[in-house]
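The lines below spell out each chain.
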Amino acid sequence: MTRRLMILGMLAGLVVGAAPAAAHDDYRIIGTVTKITAKTLDVKQTKDGKTISMRTDEATLVTRDKKKVSTTELKTGLSVVVDARGDSLEDLVVLEVRIVPSPTKK
Amino acid sequence: MTSKTEVQTPTPPSLSTLATTTVIALVVAGVLLVTIVLPAEYAIDPVGTGRWLGLTEIASPSLTPVEDVSPAGAALAPVQNGPVGEYPAEFKLDVFEITLQPYEYVEYKYHLEQGATMLYSWTANAPVIHDLHGERVGGGEPAEESFDKQDRRQASGSLTAPFTGIHGWYWENPGGEPVTIRLTSSGFYSSALEIRSDRTRRTRKLRPLETLSPIPEESAGTGGR
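Line by line, the protein sequences give chains H and S. Counting in this note's numbering, the first sequence runs from 1 upward without gaps. Counting in this note's numbering, the second sequence runs from 107 upward without gaps.
Simulated from the structure, these hints should not be mistaken for laboratory data. None of these values were measured; they are calculated from a predicted model. Please note that the accuracy of each hint is not assured.
[Stated by the list, open to error] Under the rule of at most 35 Å between Cα atoms (straight-line distance), these lysine-lysine pairs were calculated in the DSBU-like manner:
| no. | chain 1 | residue 1 | chain 2 | residue 2 |
| --- | --- | --- | --- | --- |
| 1 | H | K39 | H | K75 |
| 2 | S | K255 | H | K50 |
| 3 | H | K75 | S | K311 |
| 4 | H | K68 | S | K255 |
| 5 | S | K255 | H | K66 |
[Stated by the list, open to error] To list a few chain H residues with every Cβ distance to chain S over 12 Å, as calculated:
| no. | residue |
| --- | --- |
| 6 | K47 |
| 7 | V62 |
| 8 | V100 |
Built from N, CA and C at the ideal position, the CB exists for glycine as well.
With the sequences and hints as input, model every part of the structure.
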């Protein structure tokens, strides 16, 4: 009986646990690449200097001048506009990275 | 005088028990995969549980979730009387100005009932990516519809809402220098919603007609006879 209850509890946990994922939202991160690995991209935001660390995957698109380019074109120091999706700034998956000219200093 | 302690070794499960529990585990995992994981992660919903539990929304959320920002009270829906559209309340006014930093975007939308009209003019000091669109509130397809989508620097016009929802603009600064946009509008809208590219959202207050005052008459001059 106890075992059945545990299994039921775990199933309920799975279903309830899926709920927070419903908060998926789209974010735009504008800044400079500070670190890049095969699975992650770190960007220092222009507006507040905060570094946002994001995950990349095989679907991540990298573009320059509206044309798709290889992910190897991403280098630290480049200005980028990142569109990412996730629950919060701490949990983002990169959808697209646009390599753009550096913004004019205000 | 040594005491013996008996240690009970648990009996290992038989092969048939192991096989049975493995099969049960695989079946449960398969059911969870089909009913919960696939709909939530990939919007694949073969048995309809994703739609029933709202899980397919997780896999493909709308870019801008529609928020019903309409205040309580009578809906500002027109009643057509020949060429005249009659509304239960006065129209409102709004002036919105924003400076978009390089590559930032903003969405600015009004809640309009189906058939309600607004007038607008906006200008920017540089070309912007622009999409005048509407999003349905309360369901219906398509959830979002574009009415004018092209790069622009200014526009003036009127919009009669084809459906009840939030209607307005997406403006994006495509360049490396700040761009200022100024919108002036009037219409039978009930509220305005601003969504910035950093995901901040706020409902903006609209200007009632009583805030308008007559333009002061020019002092009597020498014009005329």
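Hint-by-hint comparison with the structure:
Distance hint between K39/H and K75/H is fulfilled; the C-alpha atoms sit about 14 Å from each other, no more than 35 Å. For the hint pairing K255/S with K50/H, the CA-to-CA distance comes to about 33 Å; that is within 35 Å, so the pair holds. A C-alpha spacing of about 44 Å is found between K75/H and K311/S, which places the hinted pair above 35 Å, so the restraint is violated. With a C-alpha separation of about 23 Å, the suggested pairing of K68/H with K255/S holds against the 35 Å cut-off.
Taking the CA atoms of K255/S and K66/H, the gap is near 17 Å; set against the 35 Å cutoff, the hint holds. With 12 Å as the threshold on Cβ separation, the claim that K47/H sits away from chain S is violated: the shortest Cβ distance comes to roughly 7 Å. No beta-carbon of chain S comes within 12 Å of the beta-carbon of V62/H; the shortest separation is about 16 Å. Not every beta carbon of chain S lies more than 12 Å from that of V100/H, the smallest distance being close to 6 Å; the non-interface claim is violated.
Comparing the model with each earlier hint shows violations of hints 3, 6, 8; every other hint is respected.
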